[in-house]
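Undergrad: Sequence:
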Amino acid sequence: MSSNQALQRVRHLFRAEKGGHTGSLDPLATGLLPVCFGEATKIAGGLLGARKAYTTVARLGQVTDTDDADGEILRERPVPALTIETLDAALGQLVGRIQQRPPIYSALKRGGEPLYAKARRGETVEVDVRPVDVHAFELQSAADLLDGVLEPDGMPQLRLHVECGSGTYVRSLVRDLGELLGCGAHVAELRRLWVDPFRDPRMWTLEDLQALAARGESQLEACLLEIEAGMLAWPKVHVDARQAARLQNGQDVPGAYAPVREVAIIGPAGRAEGLGQVAEDGRLKPQRMFRRADANDTGA
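Residue numbers (UniProt numbering): 1 to 300.
The reader is advised that the hints may include incorrect statements.
Stated by the list, open to error - Think about it this way: if two alpha-carbon atoms lie no more than 30 Å apart in a straight line, the pair counts; the simulated DSSO-like pairs of lysine-lysine are:
1) K285 x K236
2) K285 x K42
3) K236 x K42
4) K18 x K236
5) K285 x K18
6) K42 x K18
These aren't lab readings, by the way, just hints derived from the structure by calculation.
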């Protein structure tokens, strides 16, 4: 299923009027898809730009139209003799602030329409390169390649670890790695391990959640994290009850707040009141304030 289909099925289980996810997964991919319900949807946009980590299997010797195993094979090339040093050198060229061309089959939009829709109609799709941040691109295993033990289809595979910023396509990284190695490559497997700030996440399958829902609403709601758990990336600004009430009413709070950027507004007892903006003059301005029924209301 698509990321949005997964979101809608889980939103239905939780009976949430509003829901949002924090970055799509490819149809082939597995792993973490953080979802936000209710007032927590107000922080979903900030989580979209978070750092992410993946493990992926790159199949060498084949180039596909989607850059992964779901696509049609466009070209096959022999895989040259490779060493760990050769692999590490190629991987190193794809780390840092790099220019990347996203896949033709992607959810990026042009003229209000996803590129994959144009590609599926057979239209010529030109995709511009753009800067992305790749923090790590490392070899985990190449045993079948280096030891001569190949998969049944005879195509060598590499298991790789990726840490990257928003907008980075692992499919494009693997495709470009294949070109650097001179044989082409595509993604055979992809799993998202974590998304900041959820570095060691407890993941729930849809089947897990359905089983909990059958046992009762309280069992299901125990899976929810407090909204504060998703706000670790924002600098915290603390306010008292009177200031919190002022902000909730849409009024600025004068002062010498810092830093000058979007911040998490923390009220009495460590309760998140919402997101605000610190102005150049130190004033705290409300942006997206949370409306919660009580102090125990959860949402992320």
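Undergrad: Against each hint, give a clear statement of whether it holds in the structure.
TA: The hints, checked one at a time:
{"no.": "1", "hint": "K285 x K236", "in the structure": "holds (14 Å)"}
{"no.": "2", "hint": "K285 x K42", "in the structure": "holds (16 Å)"}
{"no.": "3", "hint": "K236 x K42", "in the structure": "holds (16 Å)"}
{"no.": "4", "hint": "K18 x K236", "in the structure": "holds (25 Å)"}
{"no.": "5", "hint": "K285 x K18", "in the structure": "holds (25 Å)"}
{"no.": "6", "hint": "K42 x K18", "in the structure": "holds (10 Å)"}
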